[in-house]
Amino acid sequence: MVQLRLAAWAEVQTPAGEGLLEPLVSLSLLCFYSLGIPLLGMQAEQHQEEEEEGEEEKEGSGGGCEPEGAFRKNPFQLTVEDVYDISYVLGRELHKISSEPRGEMAAKVAHLQFKVVSVLEMLEALVNESNLTVEALKMERDSLKREVEELRKQGSHSAAEEVSLGPNKMVVDLTDANRPRFTLQELREVLQERNHLKAQLMVVQEELQCYKSGLMSQKQHPIEPTHKEPAVGSASGSSTGSEEKTIVKRLFAFKRPR
Amino acid sequence: MKTTLLHVVPPVSRDRIISHFPKWYTPEACLQFKDHFHAQVRSACQRQNIGAVGLKISKVVVVGDLYVGKTSLINRFCKDVFDRDYKATIGVDFEIERFEIAGVPYSLQIWDTAGQEKFKCIASAYYRGAEIVITVFDLADIQTLDHTKQWLEDALRENEPGSSFIFLVGTKKDLVSTAACERTELDAIRFANEMQAEYWSVSAKTGENVKEFFSRVAALAFEKSMLMELEKSNGRMTQIGAGNLINIERSSLEASETNQQDNLSCC
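Chains A and D supply the protein sequences, listed in that same order. With the first letter of the first sequence counted as 1, position 30 gets the number 29 in numbering that gives the first Met the number 0; the numbers rise by one all the way through. With the first letter of the second sequence counted as 1, position 255 gets the number 254 in numbering that gives the first Met the number 0; the numbers rise by one all the way through.
Everything labelled a hint here was simulated from the structure, so no lab data went into it. Wrong hints could be hidden among the right ones.
What the hints assert, rightly or not - Result set (DSS-like, lysine-lysine): computed pairs, CA atoms no more than 25 Å apart in a straight line:
no. : chain 1 : residue 1 : chain 2 : residue 2
1   : D       : K33       : D       : K204
2   : A       : K197      : A       : K211
3   : D       : K119      : A       : K197
4   : D       : K210      : A       : K197
5   : A       : K168      : D       : K119
6   : A       : K197      : D       : K117
7   : D       : K86       : D       : K223
8   : D       : K148      : A       : K211
9   : D       : K117      : D       : K148
10  : A       : K168      : D       : K117
11  : A       : K197      : D       : K148
12  : D       : K86       : A       : K197
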């Protein structure tokens, strides 16, 4: 059992690169204490330990995240808690070994324990550092993703506008009452009609002037006296049946209700 | 609505009666120096049954930059009014002004075109058949003088070469000092000579030279069309003036409208 644990431990500690890092603040060490596991050479009552161990194992098997789980984890997913779990398990195993009655054995285990602690401290530092880096990189990635998303939206917007507009095109605000809305052809037609009506009006005005100045006699154009002519329609009653087709009379006839 | 009636026109007002050939504005840029009508024209006019139905109508086209005062110039002459407020002409407008020249009724159909670029393709449809082209600029804005060449070019493109009399008119004379006016006139006269145009400085606001200018336009156009008419009818002995004013007016208007149809593809 002890051998098995040590083998698993060896697997975990190998990638840590023993001896490359100086042992830092001894969190792992504190962990040994905090878990109530005395370091080798310290006096402890074995019964107590065994009771605690039993409890741990019960809890561990029930919860499915017992300290031994840390050994089976992907090394790149290790958390600092896992390192503490590892140090707890190792500490417990070493304690069991050192509890054997052989005195020489106990001294060797104590020596080994310090090495294990320093490796665990290296592991702790590495895991801490890498987890922080991973967090920072994740945040960086998310913000970049958002940025790309926004830029993509803007890009597709402006691209869409350019496609629908092209050169020599303009945007018309459909809510603007003064927006351009009539075609050139419509304007031409309106102008033609205006010119036509203006020409007719000129002819009528000249004829009116003729009547006023008495150039045309009452005989020729039996219309009411000139001063009444501007009064719409009704004044032309007397011209009914006349054969003459002056513009003035046509206009007046047009206005007469039938 | 076709008018078939014999259109009786009232006599023209006194200030539209031209019996002596109106004088030029400056001898340095004028179309002709004579101070009397052509002998042939004079005798033809004497044979003419005076006071009969209208004879001839000539088409005048007024072009130039926006806000130089084309409409104001026409309104001063035709209606004797001046409106201080600027109102851009939409497309084209026209006035018909009747004269009695050497005892013969004669009319000018004056087409007032929009100076705004956006109306150019509408207005340009009315350039065709212009016997007189009046290019207008603002004496107080020398840039508008520079643009007259382009306006003239556009107007002449629609007409037979040499078929139109050309006038160059500087407006708003009241706005510039005599000295400034004289300076600008030097440039304008040079332009006029290059354009083979007659030069006039006028003010629609005060009315200075406006009547004189249009009388000159009418007399020159009248004489030219009389001579052409005489040339055509030589040998046929057709009496000049056997026409119907309304029909002439109408056909002339319709011609302009037909021109528009022809020119639809221009825009």
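Now the hints, each set against the structure:
no. : hint            : in the structure
1   : K33/D - K204/D  : violated (30 Å)
2   : K197/A - K211/A : holds (21 Å)
3   : K119/D - K197/A : holds (22 Å)
4   : K210/D - K197/A : holds (23 Å)
5   : K168/A - K119/D : holds (19 Å)
6   : K197/A - K117/D : holds (24 Å)
7   : K86/D - K223/D  : violated (34 Å)
8   : K148/D - K211/A : violated (46 Å)
9   : K117/D - K148/D : holds (19 Å)
10  : K168/A - K117/D : holds (15 Å)
11  : K197/A - K148/D : violated (31 Å)
12  : K86/D - K197/A  : holds (19 Å)
Of the numbered hints given earlier, the model fails hints 1, 7, 8, 11; all others are met.
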